[in-house]
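Visitor: Line by line, the protein sequences are chains E and C. Using numbering that gives the first Met the number 0, the letters of the first sequence map in sequence onto residues 0 to 633. Using numbering that gives the first Met the number 0, the letters of the second sequence map in sequence onto residues 0 to 91.
If you are wondering where the hints come from, they were derived from the structure by calculation, not from laboratory data. Note that the Cβ used here is the ideal one computed from N, Cα and C, for glycine as well. Watch out, some of these pointers could steer you wrong.
Under the rule of at most 25 Å between Cα atoms (straight-line distance), these lysine-lysine pairs were calculated in the DSS-like manner [as the list claims (entries may be wrong)]:
#1 Lys168/E with Lys139/E
#2 Lys139/E with Lys98/E
#3 Lys108/E with Lys63/C
#4 Lys108/E with Lys131/E
#5 Lys54/C with Lys108/E
#6 Lys98/E with Lys108/E
Here's a subset of chain E near chain C, in silico, CB distances under 8 Å, partners left out [unchecked claim]:
#7 Ala43
#8 Phe46
#9 Asn57
#10 Asp107
#11 Glu109
#12 Ser119
#13 Gly172
#14 Ala173
#15 Asp219
Derived DEER-like restraints, expressed as beta-carbon distance ranges [said to hold, decoys possible]:
#16 His39/E with Ser36/C: 21 to 29 Å
#17 Asn341/E with His83/C: 53 to 61 Å
#18 His83/C with Arg110/E: 19 to 27 Å
#19 Arg29/C with Thr316/E: 53 to 61 Å
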Amino acid sequence: MGLPTIHTDSGATTRIAFQCNPAEARESTRALRAFLAEHHMDEAELFACELCLAEACNNAVQYVGDDHRNEAVVAEAVCTSSWVELRVVDHTEGFTMPKKPIELPPPDKERGRGLFIIHSMMDNVRYLRGEKTNTLVMWKQRAHHLHRPFARPSTDVPDELRRQLDDFKRTIGAMARELCFRSESLAAIFRCGTELGRAGDFGGFAQRLLGDLLHLTGADWFVLRLIPPQDLELTVFAASDPELIGEPLRLGSTEPPIASAELAAAATRTAVVYTAKQSRLAPDPLRATGPKATGIVHPILFGETLVGTLAVGRTETGPPFSELQAEVIRTFAEFIAIQIVNLRHQEEQVGARIMTRELEIARSIQRASFPRLLPQLGNFSLAGRWESARQVAGDFYDAMPLGDHSMLLVVADVMGKGVPAAMFATITRALIRAMAPHHHQPAELLKQLNTLLYEELSAVDMFITVQLVSIDLRWRHVVAASAGHCPVLLASGGGRPVRSLGPTGTPLGIMPDPVYDQQCTTLDDPACLMIYTDGLTEALNSTGEMFGRERLTGWLRDNVRFPCTAEELCEHLAAELDQFRSGTPLRDDQTFLILTDKTVPADLRAADTAAPARRHPVEPSPSEPTETVSPFKS
Amino acid sequence: MSVSQIGELSAVNSTVFRDEVQAAIQPTLRTLDIDLSQTLFVDSCGLGALFSLYKTTGNSNGVKLRLLNPAPQIQQLLELTQMHQFFEITRD
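Next comes chain C alone, as it looks inside the complex:
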């Protein structure tokens, strides 16, 4: 499953994003790709939503979680907050 066209993950939309993704996950899901190539902004609420997805899918159900092509600043933010260890960060 792949989620894309994410403009931003902020206090305004992160809860909706998390709930919608969780609702779409099938029990047979093996890999969840979150495409961050279009994402211009992520704040601590956005990071919280990503970690929440990791907890409910990756951590407990063995789903591989991949973050695709984050902008350099967003990748730095993931590293700064140690979030990068929970996801596979992939670049094309």
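Here chain E stands alone, though its shape is the one from the complex:
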């Protein structure tokens, strides 16, 4: 069979693709033998090559699945003056090459004898498993170098042309070799990458990938060290031999001399050559690779970040890694870096998802701790709204009856947002609920709250603003005390001006022994009372404009109409705020509480009078309510 032959300075190459059956396989091995015979191989070498090719081709034919029986098997031979390389590309599912030495199977066993023969007759054998095809590569050193140099084509061509031709041949030969090498590297990377995606087992993935790297580069050992997150040590993650798993190496000792090649590669961020001879006296963990070992240590970098080191080498002193082999080692190190960073990123994402879920739970707990049903006493209707800027909030509102005719309204804002603010909000709310029955004066209650919370709040540099309003529902008396909170707004509808109650007081947690004022007034009839947090007035729209207190009081002035319920007003105001923000995210929690008269006195119902009337004129009250300021000290 006349085979196409490519001559380069590195030898002659030929390739046969044949149908997947024993007869074609045999014909092809004969043809390859004839090709090798043309290159002056002796009879023993020819027999060995023919036999090993036959065994490899037989396996490729015998073990192929029905799906691939129609695909051609490829056999190649490269012959130089000193060595022969034989390749057989199969479409089988592949097998795992057993470790050396390969034992002779029992004589009656059908399988395994061919592989034993190949390993016995060839000097080096590699089985490279790819995604769709596998390649068995066999190398044999030619026994003696008495062969004639390769037959050159006739030299009738001018010298210049010959020189150019030689250049081209060299280039093509080098490119062909590099292409083969790279395609094998890529096949190994893709196969391991697919496995990683399936199994998520990074340890096994690294072990298999680096096992392939040893085959590709003709190396014997590897040690992969990684830096665990938030750590400063290079810890062995995978090694070709359990005996190479040494102690972690502490990073940071960059002062020369660095005793370990791996630490040197980590410190310099460059590849470092390792030789056992040079590190004989130094405590280098790579000395476990043997007294004659040599190798190369690559830093594993992701961008500027050091992720680990990869050491690859040979047990016996031999030629150093070629430029291409060193590049493949670097490529594998980079590929591992990407996989590690991806894996850690995935772990972080999982962590973030867990955190989000926990916050969702915290939010639902906090929402459940808000009063589900506000007390509705007498003629009054009460409603509140709460919207947090984060999953959990530092704002809260509450309302609790104090006896049959009084009610305490609470709105508070813990400085900050998120979980810490929510924790203090929950504690404060519980304390107010526990203490309110015993302290009917709002200022006194604030004073006691500050005493209880001051130490904890000041320790973490936090503070809480609180507005307390107690209302005597019979006499419509209102007493308000504030710990640095926004004022209470009072509206009587019909376009009348909105009043405010702004007693002074320091937020809880600022001073150990503050003074809290109380302000008293009587509610108009009908009236609307509103307590809110600054997240409402400081809400921004898309142009950066604040909602502001003026807009809020204007809204109250123009929109409070009687009869109405607090719920209706809350809904109306929430819609107003949404419209104002028009999608701009909340910067701070928004909370407000509204108390209104449910019905309108008969005398007001008839005509929309300018001045409010009194339903229970039991006490004299001026048409413009008097604000009484009474310093309160407990």
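Add chain C to chain E, keeping to what the hints say.
Guide: Then chain C, alone, in the frame of chain E:
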């Protein structure tokens, strides 16, 4: 009985070779000579066929199995795979 003119024993012909030889063996056979002097190539399938003949004749029926004049490479292969212990290898 003697079998000769064997060009090769490979995956292509070893099964046919084994079956034909077995079919030709008489119960009275004492010696089976397989002449490998013309044989240029033997692979693991060929070795399998030879071992199969040893099992069915030599081992169980006491027939003496002789391999005649194998080429040096084939003799090395028989030794490498420990097959030589089942046959008497004879040279002229």
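Visitor: Next step is simple, just say for each hint if it's right about the structure.
Guide: Hint check results:
1. Lys168/E with Lys139/E: holds, 23 Å
2. Lys139/E with Lys98/E: Within the cut-off at roughly 19 Å; holds.
3. Lys108/E with Lys63/C: holds, 23 Å
4. Lys108/E with Lys131/E: violated, 29 Å
5. Lys54/C with Lys108/E: It holds: about 12 Å lies between the C-alpha atoms, which stays within 25 Å.
6. Lys98/E with Lys108/E: It holds: about 19 Å lies between the C-alpha atoms, which stays within 25 Å.
7. Ala43: Holds, because the Cβ-Cβ distance from alanine 43/E to chain C comes to roughly 6 Å (cut-off 8 Å).
8. Phe46: Interface hint status for phenylalanine 46/E: holds (4 Å vs cutoff 8 Å).
9. Asn57: holds, 5 Å
10. Asp107: Check passed: Cβ of aspartate 107/E comes within 7 Å of chain C, closer than 8 Å.
11. Glu109: holds, 6 Å
12. Ser119: holds, 6 Å
13. Gly172: Since chain C brings no Cβ nearer than about 31 Å to glycine 172/E, farther than 8 Å, the hint is violated.
14. Ala173: violated, 35 Å
15. Asp219: violated, 25 Å
16. His39/E with Ser36/C: 21 to 29 Å: With a Cβ separation near 26 Å, histidine 39/E and serine 36/C satisfy 21 to 29 Å, so the hint holds.
17. Asn341/E with His83/C: 53 to 61 Å: Hint holds: Cβ distance 57 Å, inside 53 to 61 Å.
18. His83/C with Arg110/E: 19 to 27 Å: Holds, since histidine 83/C and arginine 110/E (Cβ atoms, about 21 Å apart) stay within the stated range.
19. Arg29/C with Thr316/E: 53 to 61 Å: At 59 Å between Cβs, range holds.
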